[in-house]
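K.L.:
Throw the hints in and build the complete structure from the sequences for me.
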Amino acid sequence: MGATTQRDSGNDRGSGGVRTPEPRYLTVGQVSKPHGVWGELRVKIITDYPERLERRVYFYLAHPDSPEKTDRYEVEKCRFHKETLLLKLGNLNDRDSADELRGMLVRIPIEEAVPLEEGEYYHFQLIGARVETEGGELLGQVIEVIDTGANDVYVVRGPRGELLLPALDDVILDLDLDSNLMVVRPLPGMLPEDEK
Numbered sequence: 012m013g014a015t016t017q018r019d020s021g022n023d024r025g026s027g028g029v030r031t032p033e034p035r036y037l038t039v040g041q042v043s044k045p046h047g048v049w050g051e052l053r054v055k056i057i058t059d060y061p062e063r064l065e066r067r068v069y070f071y072l073a074h075p076d077s078p079e080k081t082d083r084y085e086v087e088k089c090r091f092h093k094e095t096l097l098l099k100l101g102n103l104n105d106r107d108s109a110d111e112l113r114g115m116l117v118r119i120p121i122e123e124a125v126p127l128e129e130g131e132y133y134h135f136q137l138i139g140a141r142v143e144t145e146g147g148e149l150l151g152q153v154i155e156v157i158d159t160g161a162n163d164v165y166v167v168r169g170p171r172g173e174l175l176l177p178a179l180d181d182v183i184l185d186l187d188l189d190s191n192l193m194v195v196r197p198l199p200g201m202l203p204e205d206e207k
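Counting from 12, one number per residue, gives the positions in the sequence shown under the working numbering.
Check before you lean on any hint, since a few could be wrong.
[To be verified] Under the rule of at most 35 Å between Cα atoms (straight-line distance), these lysine-lysine pairs were calculated in the DSBU-like manner: (1) K55 - K93; (2) K80 - K99; (3) K80 - K93; (4) K55 - K44; (5) K80 - K44; (6) K88 - K55.
[Claimed, not checked] Label-pair ranges, simulated between beta-carbon atoms: (7) K44 - N191: 36 to 46 Å; (8) D189 - T144: 17 to 27 Å; (9) E123 - G101: 10 to 20 Å.
Hints listed in this document are in silico derivations from the structure and should not be mistaken for laboratory results.
These figures come from a predicted structure and were not determined experimentally.
Cβ atoms here follow ideal geometry from the backbone N, Cα and C, with glycine treated the same way.
P.N.:
Written out as structure tokens, the structure reads:
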């Protein structure tokens, strides 16, 4: 069982282990700062499929604290520059207007997401998943997914407190989204010792 995830996210932060409804949008980037004086935005890319972004005719922008409240923006120009996306949106014609969008999430409708391969899933789909050892011991629920660059780390809250489980094939044995269950084999020293 591969532990492959996709970095596009509905709302990457967990909700305390409560299963949240599937979001209407996926976050594919975040505005870092203005670029130049004509209203372009420098966008940090947070998707595994950046090539699809250049062809878009619109994006939705949302504040990180309320990601479902979005505003639609028409794309005038979109290009890559080094590790970022330079984005010129309609009605954004100067640096000050662009600066007001600093920190905003760049989103696309979930219906327009790249279809995932078998064994792949979006971060938001893991939030609230029940986590058990291969022996059936309940470890808790996934409350957050941390993207470390090398591999994802699942934050699990349960009877033993908060655990960090790396998304590695040796650790994540099975993930069944239909039953909302993740079966794991923690590496030695990964779990806190049982209280005596």
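K.L.:
Which of the listed hints are not met by the structure?
P.N.:
Checked against the structure, no hint fails, so every one of them is satisfied.
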